[in-house]
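Asker: Please take these sequences and the hints and turn them into a complete structure.
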Amino acid sequence: MTKRGFDCGGCERHNTVEDMVPCEKCRKWYHYGCVGVTVMLKSWCNLCVMKVAKCEAKEMGRLKSSKEAIAMTGVPAESCEGDKRAKRAAHSEGEASENKLATEEKEPTTFHAAKRPPTANSSTTAQHKRSRQAALEKLMEVQQQEREMAMKEYELKMANLKLEHLKIRLRLEEEEASIRSVTDARIKHQQQHQQQHQQQHQHHQHQQQHQHQQQHKQKQCTIAVSDGEIGELANVEMVNVATKPFDTLGD
Numbered sequence: 017m018t019k020r021g022f023d024c025g026g027c028e029r030h031n032t033v034e035d036m037v038p039c040e041k042c043r044k045w046y047h048y049g050c051v052g053v054t055v056m057l058k059s060w061c062n063l064c065v066m067k068v069a070k071c072e073a074k075e076m077g078r079l080k081s082s083k084e085a086i087a088m089t090g091v092p093a094e095s096c097e098g099d100k101r102a103k104r105a106a107h108s109e110g111e112a113s114e115n116k117l118a119t120e121e122k123e124p125t126t127f128h129a130a131k132r133p134p135t136a137n138s139s140t141t142a143q144h145k146r147s148r149q150a151a152l153e154k155l156m157e158v159q160q161q162e163r164e165m166a167m168k169e170y171e172l173k174m175a176n177l178k179l180e181h182l183k184i185r186l187r188l189e190e191e192e193a194s195i196r197s198v199t200d201a202r203i204k205h206q207q208q209h210q211q212q213h214q215q216q217h218q219h220h221q222h223q224q225q226h227q228h229q230q231q232h233k234q235k236q237c238t239i240a241v242s243d244g245e246i247g248e249l250a251n252v253e254m255v256n257v258a259t260k261p262f263d264t265l266g267d
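Residue numbers (the working numbering): 17 to 267.
These are computed hints drawn from the structure, not numbers from a lab.
Warning: the hint list may mix true and false statements.
[Unchecked claim] Lysine-lysine pairs mimicking DSS-like chemistry, simulated, CA-CA at most 30 angstroms apart: (1) K183 <-> K168; (2) K154 <-> K178; (3) K145 <-> K168; (4) K44 <-> K168; (5) K183 <-> K173; (6) K178 <-> K168.
It should be emphasised that the depicted structure is a prediction, and the values quoted were computed from it without experimental measurement.
Answerer: Dropping the structure here:
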């Protein structure tokens, strides 16, 4: 059937040929002959006709622009001065029309533009989805491993903190024990020193008392001796006084 409103993207001919297919890349319509497609193939090339034209023109060595390449592949036989490519396209269109008429009775719905057969794009999309799903699964696995590693690092850090706390506690207990022992030794030494001082003081007091007693005894003895001498002298004087009058009388 004729696709009215769609001009061929590969040649300058009007849309008078029934056999036209859309390109999967550029979304333009092309004649069967412009893209090398027949009704029997029931499929079309996924490459844009512009890329095909570029490749063919490079082989011929006459590529000047993309428009010229498209024109080279689709110019009619009347305006291309014997261009073999245009003639081959027209010949393929005629064969395609005959083949379509021959197969219409056997297969009335051999091709429909709206129903596109599965192409490489669908397989590429499915492959992309699978690769994306695999990447997501890998990412989730990596994230799970990272979380597990973070938990292990946290547990290790907490264990190290507990160990450091225990070490600090033991060190403080040792320091407290050493300080307590030093304090106890100092207190004991001070008590001993005080006891010695008290003993020395008591001994000194006893010595002083003993000396005082000795001195007191000596004083008493001295006083007693002095009292005895005074008595003897008094007696002598009294004797002298008593005998003196008799002496005077005799004189």
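Asker: With reference to the structure, classify each hint as holding or not holding.
Answerer: Hints and how they fare:
Between K183 and K168 the alpha-carbon distance is near 22 angstroms, which keeps this suggested pair within the 30 angstroms criterion. As the CA atoms of K154 and K178 are separated by approximately 36 angstroms, the hinted pair breaks the 30 angstroms bound. Of the supplied pair hints, the one linking K145 and K168 is violated, its CA atoms being roughly 34 angstroms apart against a limit of 30 angstroms. About 60 angstroms separates the Cα atoms of K44 and K168, which puts this hinted pair outside 30 angstroms; it is violated.
Pair hint K183 plus K173 holds up; C-alpha atoms about 15 angstroms apart against a cutoff of 30 angstroms. At most 30 angstroms may separate the alpha-carbon atoms for a hinted pair to count; K178 and K168 meet this at roughly 15 angstroms.
In the structure shown, a violation is registered for the earlier hints numbered 2, 3, 4, in ascending order.
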